[in-house]
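For the sequence shown, our numbering assigns the number 1 to the initial residue and increments by one for each residue that follows.
Worth flagging that the hints you see were computed from the coordinates, not collected in a lab. Predicted, not measured: the structure shown is a model, and the values here were computed from it. Take the hints with a grain of salt, since some may be wrong.
[To be verified] Within a straight-line C-alpha distance of at most 20 Å, the following computed EDC-like cross-link-like pairs (lysine to aspartate or glutamate) qualify:
(1) K87 with D76
(2) K64 with E74
(3) K87 with E68
(4) K87 with E51
(5) K64 with D83
(6) K64 with E78
(7) K64 with D76
(8) K64 with E44
[Claimed, not checked] Using C-beta positions, here's what the derived DEER-type ranges look like:
(9) R35 with Y69: 46 to 56 Å
(10) T73 with F30: 44 to 54 Å
(11) S31 with P70: 52 to 62 Å
(12) R66 with K87: 29 to 39 Å
(13) E68 with E34: 48 to 58 Å
(14) F30 with Y69: 14 to 24 Å
Note that beta-carbon positions come from the ideal geometry of N, C-alpha and C, so glycine has one too.
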Amino acid sequence: MRLTLALFFTLLSACADLNPHKASYQTGSFSTDERQSLYDQALEGARLSRERYIATTRPALQLKFRQEYPTMTEADIEVLVNDALEKGLRPETGRRPDGPIRQPQMDCMSSPWRNSAFANCY
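The task is simple: from the sequences and hints, build the whole structure.
Printed below as a string of structure tokens:
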């Protein structure tokens, strides 16, 4: 009975604090104007991000395609660059070795690796 009364008073005090005419920002309910403003800000941020991506990636792609295809005209290189930008390709930052990546050799008889769960010794 005491537990029921305690829960009842807790619920009653919580309901007394609620105001049905007050907008609750904790639950994420925004007015239409606020939602539109946030949407516009997101669109502007996406546009600026896309412009920065193009401004930084275009010169690298042009250089890459000029090195790969030295006999191509500038117009053809621009077509390749535009296609790559539309597909979201990024220029490689460095030369990757051909084939799979080799792991360093492990001495399975040395004391740190002998009983290790991570040792790949058979």
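Hint check:
1. K87 with D76: holds (17 Å)
2. K64 with E74: Status holds; Cα separation ~13 Å.
3. K87 with E68: This hinted pair holds, its Cα atoms lying about 19 Å apart.
4. K87 with E51: Measuring from Cα to Cα gives roughly 15 Å; hence the hint holds.
5. K64 with D83: Within the cut-off at roughly 14 Å; holds.
6. K64 with E78: Between K64 and E78 the Cα gap is close to 12 Å, so the pair holds against 20 Å.
7. K64 with D76: holds (13 Å)
8. K64 with E44: Outside the cut-off at roughly 30 Å; violated.
9. R35 with Y69: 46 to 56 Å: Holds - the Cβ-Cβ distance for R35 and Y69, about 48 Å, lies within 46 to 56 Å.
10. T73 with F30: 44 to 54 Å: holds (52 Å)
11. S31 with P70: 52 to 62 Å: holds (59 Å)
12. R66 with K87: 29 to 39 Å: Hint violated: Cβ distance 19 Å, outside 29 to 39 Å.
13. E68 with E34: 48 to 58 Å: holds (49 Å)
14. F30 with Y69: 14 to 24 Å: violated (51 Å)
In terms of the numbered hints stated before, the structure departs from hints 8, 12, 14, listed from lowest to highest.
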